[in-house]
Structures are given as structure tokens and as C-alpha cells.
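Chain residues, written in single-letter form:
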Amino acid sequence: DAMVIQNPRYQVTQFGKPVTLSCSQTLNHNVMYWYQQKSSQAPKLLFHYYDKDFNNEADTPDNFQSRRPNTSFCFLDIRSPGLGDAAMYLCATSMPSGPSTDTQYFGPGTRLTVL
Amino acid sequence: AQSVTQLGSHVSVSEGALVLLRCNYSSSVPPYLFWYVQYPNQGLQLLLKYTTGATLVKGINGFEAEFKKSETSFHLTKPSAHMSDAAEYFCAVSEKGGSYIPTFGRGTSLIVHP
Chain A
1 DAMVIQNPRY
11 QVTQFGKPVT
21 LSCSQTLNHN
31 VMYWYQQKSS
41 QAPKLLFHYY
51 DKDFNNEADT
61 PDNFQSRRPN
71 TSFCFLDIRS
81 PGLGDAAMYL
91 CATSMPSGPS
101 TDTQYFGPGT
111 RLTVL
Chain B
1 AQSVTQLGSH
11 VSVSEGALVL
21 LRCNYSSSVP
31 PYLFWYVQYP
41 NQGLQLLLKY
51 TTGATLVKGI
61 NGFEAEFKKS
71 ETSFHLTKPS
81 AHMSDAAEYF
91 CAVSEKGGSY
101 IPTFGRGTSL
111 IVHP
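Residue numbers (the numbering used here), protein chains in the order written: chain A, 1 to 115; chain B, 1 to 114.
The hints are simulated quantities; they were obtained by calculation from the structure and are not laboratory data. No false leads were mixed into what you were given.
Under the rule of at most 25 Å between Cα atoms (straight-line distance), these lysine-lysine pairs were calculated in the DSS-like manner:
| no. | chain 1 | residue 1 | chain 2 | residue 2 |
| --- | --- | --- | --- | --- |
| 1 | B | Lys96 | A | Lys44 |
| 2 | A | Lys17 | A | Lys44 |
| 3 | B | Lys96 | B | Lys68 |
| 4 | B | Lys96 | A | Lys52 |
| 5 | B | Lys58 | B | Lys68 |
| 6 | B | Lys69 | B | Lys58 |
Sample of chain A residues lacking proximity to chain B, with all beta carbon distances greater than 10 Å (derived):
| no. | residue |
| --- | --- |
| 7 | Val19 |
| 8 | Thr26 |
| 9 | Asp53 |
| 10 | Thr60 |
| 11 | Phe64 |
| 12 | Arg68 |
| 13 | Leu83 |
| 14 | Ala87 |
Covered, in the sense of this in silico footprint (three residues per stretch, anywhere, with C-beta under 8 Å from a C-beta of chain B), are these stretches of chain A:
| no. | stretch |
| --- | --- |
| 15 | 36-44 |
| 16 | 103-114 |
Note that the structure is a prediction, hence the values are computed from the model and not measured. Using N, Cα and C, we set each Cβ at its ideal position, and we do this for glycine too.
Given the sequences, and given the hints that come with them, work out the whole structure.
Below, the structure is given as C-alpha cells:
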């Protein structure tokens, strides 16, 4: 089935040690998003790509970077994780110009633990 | 600008009882409205959405929602709760012809008692 895949599902890193989370999609959607979600909170948008155009939210820390080498893949890099970065990271896709309009399709998430 | 208010961070019901989760929105243009469900340690899954046409929208797992423009509401209901419905529910809004990025509410945790 077409879907949004995130790897790994669980990631443990050490304070200050760079970490990369990956997302891939088989939906051929042109928009890909990264969200951070902390316990009992709504997802918080970090940034998104519309095709190759990168759009950063104003309050996203510089510690967070992203890459989208092609339509199918998108990566979230955390350069120096702090304890406050421990969270669930959600990847999502959408096709605003398509029949599904603004519907977002989410991956299962990667839960990041920072020791 | 768009915004969403979900009344009640927690809703508790007995198994078999009616489920009602409230969502009010603000939008300067006709909205697209969504309900997503999130089970523990999972991503968000679309339950249902309103884009245009019929204001009563049916979704998966027996849920439905009604778009009421005059009340700027999009409340989610289910006639009879199951234990498996226990999850976090998020209402979201985006704007037709506007930003394609939905704004999410803070979420409502549904607790189902046996």
C-alpha cells in the first residue's frame, strides 16, 4: 500500500550527538512536513518542503535542519540534541493541488530519546 | 488567519455511550475541516473531512461530524463508544484557496470506561 514510512521508529541518542531521522513516501505528494510532538500536545510544525522549496517556521531552532534529496525522501537532522528535543517526530505529506486537497498523510513517527 | 478551539482536553465516556468531541474554528474564507485520530505511539490518521457539499460527513470507525457554518463548529460524534476508540483526537482547519497547511487544535483525549 502507498504510505509514509519513518525510520527508525525509536531512536536513542546522547546529549549533543547529531542524529538523523528519515521519512519516505510512495504517495508522490509534492509537500512533505516535519512536526515535533511532545506528550499530550498538538503536533508543532518545524518546516516543510513544497517540491524543492524549503519553508522554515519562524520559531524552529537552528539546531534543526532538513534535506529533501528527491520527491520520495526527506530527512530531519538534529545537530546537537538537547534534553528538550526528546519528543515524537512526525513526517507528513500532502498534495494541495490534488483531489485530496489539504489532507495530510502521516507516518507512524519516530520517538527520540536523548540521554 | 485560521484557528481551532477544542473544548475539553479530556472527555470520559462509558462503553456504549454517545461520544461528542467539540471543535470550533475561525477562518476568514470557507474552510476545509478535518478530524484526525492518534493512537499511542502512532502517527495521526484521518477520520473524516469536510471540503464542500453535504454538511454531515461520515468517517471511519462509525464517526461522523457536522459542519455548521452559523455556529463555526465541526463537532465529532459517535453513537456508541467502544474501548478501541480510546485515543487522542485532533481537529484541524485549512482555508480554501489559502494556506494549504492545516492549523491543529490542542487535541482531546477520549477515555472509554468499561
